Amino acid sequence: MTRIKVLITVIVIGMSICLTVLAHEKGYEYIAMRTRVAPKIDANLSDIVWQKAPSATLELINTGGKVKKEYVSTAWTCYDDEFIYVAFLNGEPNPKKITTAIKAHDGGTWKDDENELFIEPNHAGAKPYFHIMINAANVTEDAENGGKENAWEPKSLESATKIRDKDWILELKISFEDLAIKGGAPVGETWGWNFNRHIMSGVDIWTGWSETGASFHTPNRFGDIIFSDEELAVSPAGKVTTMWSSIKSVY
Numbered sequence: 004m005t006r007i008k009v010l011i012t013v014i015v016i017g018m019s020i021c022l023t024v025l026a027h028e029k030g031y032e033y034i035a036m037r038t039r040v041a042p043k044i045d046a047n048l049s050d051i052v053w054q055k056a057p058s059a060t061l062e063l064i065n066t067g068g069k070v071k072k073e074y075v076s077t078a079w080t081c082y083d084d085e086f087i088y089v090a091f092l093n094g095e096p097n098p099k100k101i102t103t104a105i106k107a108h109d110g111g112t113w114k115d116d117e118n119e120l121f122i123e124p125n126h127a128g129a130k131p132y133f134h135i136m137i138n139a140a141n142v143t144e145d146a147e148n149g150g151k152e153n154a155w156e157p158k159s160l161e162s163a164t165k166i167r168d169k170d171w172i173l174e175l176k177i178s179f180e181d182l183a184i185k186g187g188a189p190v191g192e193t194w195g196w197n198f199n200r201h202i203m204s205g206v207d208i209w210t211g212w213s214e215t216g217a218s219f220h221t222p223n224r225f226g227d228i229i230f231s232d233e234e235l236a237v238s239p240a241g242k243v244t245t246m247w248s249s250i251k252s253v254y
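Quick note: the sequence shown uses my numbering, first residue 4, plus one each step.
Accuracy of the hints is not assured; some may be wrong.
To be verified - Think about it this way: if two alpha-carbon atoms lie no more than 25 Å apart in a straight line, the pair counts; the simulated DSS-like pairs of lysine-lysine are:
| hint | residue 1 | residue 2 |
| --- | --- | --- |
| 1 | K185 | K130 |
| 2 | K69 | K169 |
| 3 | K100 | K114 |
| 4 | K130 | K158 |
| 5 | K71 | K99 |
| 6 | K69 | K114 |
| 7 | K130 | K106 |
| 8 | K169 | K55 |
| 9 | K72 | K169 |
| 10 | K71 | K100 |
| 11 | K99 | K55 |
| 12 | K169 | K158 |
| 13 | K55 | K114 |
| 14 | K130 | K72 |
| 15 | K169 | K71 |
| 16 | K114 | K185 |
| 17 | K72 | K106 |
| 18 | K114 | K158 |
| 19 | K185 | K106 |
| 20 | K106 | K69 |
| 21 | K185 | K165 |
| 22 | K43 | K158 |
| 23 | K106 | K158 |
| 24 | K99 | K185 |
Stated by the list, open to error - Beta-carbon label-pair distances, calculated as ranges:
| hint | residue 1 | residue 2 | range |
| --- | --- | --- | --- |
| 25 | G187 | S58 | 22 to 30 Å |
| 26 | A129 | G67 | 18 to 26 Å |
| 27 | H220 | I51 | 29 to 37 Å |
| 28 | K114 | G68 | 20 to 28 Å |
| 29 | G110 | D207 | 32 to 40 Å |
| 30 | K71 | A217 | 18 to 26 Å |
| 31 | P98 | Q54 | 18 to 26 Å |
| 32 | S178 | G205 | 35 to 43 Å |
None of these hints come from the bench; they were simulated from the model.
As the structure is a computational prediction, the values presented were derived from the model and not from experiment.
Every residue gets a Cβ at the ideal spot worked out from N, C-alpha and C, and that includes glycine.
Build out the structure end to end from the sequences listed, making use of the hints.
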């Protein structure tokens, strides 16, 4: 009986450790750099900031696995004293099949080919968080806390999109003030953050940077964004601290 009790104790401790790792282990980390020259929001990625900013790769399917290479997206972020700037380059082998059925703001943009941005300033892995969705036709939707009520209306949000032969581009900016941040940029802070995409061009796939599982609305699985005080003259590559898939394979 003593051996059985010891074995049970070891199993329980092991399971507790696994659950702790899954609950608290960080996923992806992005270093956001300062910029003195703001990118023009025109869906043109020739701005120097996008050539120097770290990149993030969106290839993980929310239900498991990875998308084919031609559907992979790349995202970049930088900031200044007033705004956060974000760009997406979405691989798309069938641009004529891109779906942009939603025409009205807050009309259900998530049903289309679109990008999503999740922003959680408190870095608590919980509400409140902000959610921005923009389809390939530049129709926007914004919400707070994943709710169905779209009461949050960021006045500073500016975006542009462009569909090309093998991809489509989204650029956007939003002020810190619209994210309930006063006093300028949160230099040195770490926020919860995720880049996501819905692919509808002949397929129906949800992808992301930091894997969240079945729902994008899982703030404790968001990645981290760190607002560095370094400028974009020399930018370190974005790094991965731990892949959720590697945790799954170990445990």
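Status of each hint after checking the structure:
{"no.": "1", "hint": "K185 with K130", "in the structure": "holds, 19 Å"}
{"no.": "2", "hint": "K69 with K169", "in the structure": "holds, 19 Å"}
{"no.": "3", "hint": "K100 with K114", "in the structure": "holds, 14 Å"}
{"no.": "4", "hint": "K130 with K158", "in the structure": "holds, 21 Å"}
{"no.": "5", "hint": "K71 with K99", "in the structure": "holds, 18 Å"}
{"no.": "6", "hint": "K69 with K114", "in the structure": "holds, 21 Å"}
{"no.": "7", "hint": "K130 with K106", "in the structure": "violated, 29 Å"}
{"no.": "8", "hint": "K169 with K55", "in the structure": "holds, 23 Å"}
{"no.": "9", "hint": "K72 with K169", "in the structure": "holds, 12 Å"}
{"no.": "10", "hint": "K71 with K100", "in the structure": "holds, 17 Å"}
{"no.": "11", "hint": "K99 with K55", "in the structure": "violated, 31 Å"}
{"no.": "12", "hint": "K169 with K158", "in the structure": "violated, 32 Å"}
{"no.": "13", "hint": "K55 with K114", "in the structure": "violated, 33 Å"}
{"no.": "14", "hint": "K130 with K72", "in the structure": "violated, 33 Å"}
{"no.": "15", "hint": "K169 with K71", "in the structure": "holds, 14 Å"}
{"no.": "16", "hint": "K114 with K185", "in the structure": "violated, 33 Å"}
{"no.": "17", "hint": "K72 with K106", "in the structure": "violated, 29 Å"}
{"no.": "18", "hint": "K114 with K158", "in the structure": "holds, 23 Å"}
{"no.": "19", "hint": "K185 with K106", "in the structure": "violated, 33 Å"}
{"no.": "20", "hint": "K106 with K69", "in the structure": "violated, 30 Å"}
{"no.": "21", "hint": "K185 with K165", "in the structure": "violated, 32 Å"}
{"no.": "22", "hint": "K43 with K158", "in the structure": "holds, 18 Å"}
{"no.": "23", "hint": "K106 with K158", "in the structure": "holds, 19 Å"}
{"no.": "24", "hint": "K99 with K185", "in the structure": "violated, 43 Å"}
{"no.": "25", "hint": "G187 with S58: 22 to 30 Å", "in the structure": "holds, 26 Å"}
{"no.": "26", "hint": "A129 with G67: 18 to 26 Å", "in the structure": "holds, 24 Å"}
{"no.": "27", "hint": "H220 with I51: 29 to 37 Å", "in the structure": "holds, 35 Å"}
{"no.": "28", "hint": "K114 with G68: 20 to 28 Å", "in the structure": "holds, 22 Å"}
{"no.": "29", "hint": "G110 with D207: 32 to 40 Å", "in the structure": "violated, 19 Å"}
{"no.": "30", "hint": "K71 with A217: 18 to 26 Å", "in the structure": "holds, 21 Å"}
{"no.": "31", "hint": "P98 with Q54: 18 to 26 Å", "in the structure": "holds, 24 Å"}
{"no.": "32", "hint": "S178 with G205: 35 to 43 Å", "in the structure": "holds, 37 Å"}
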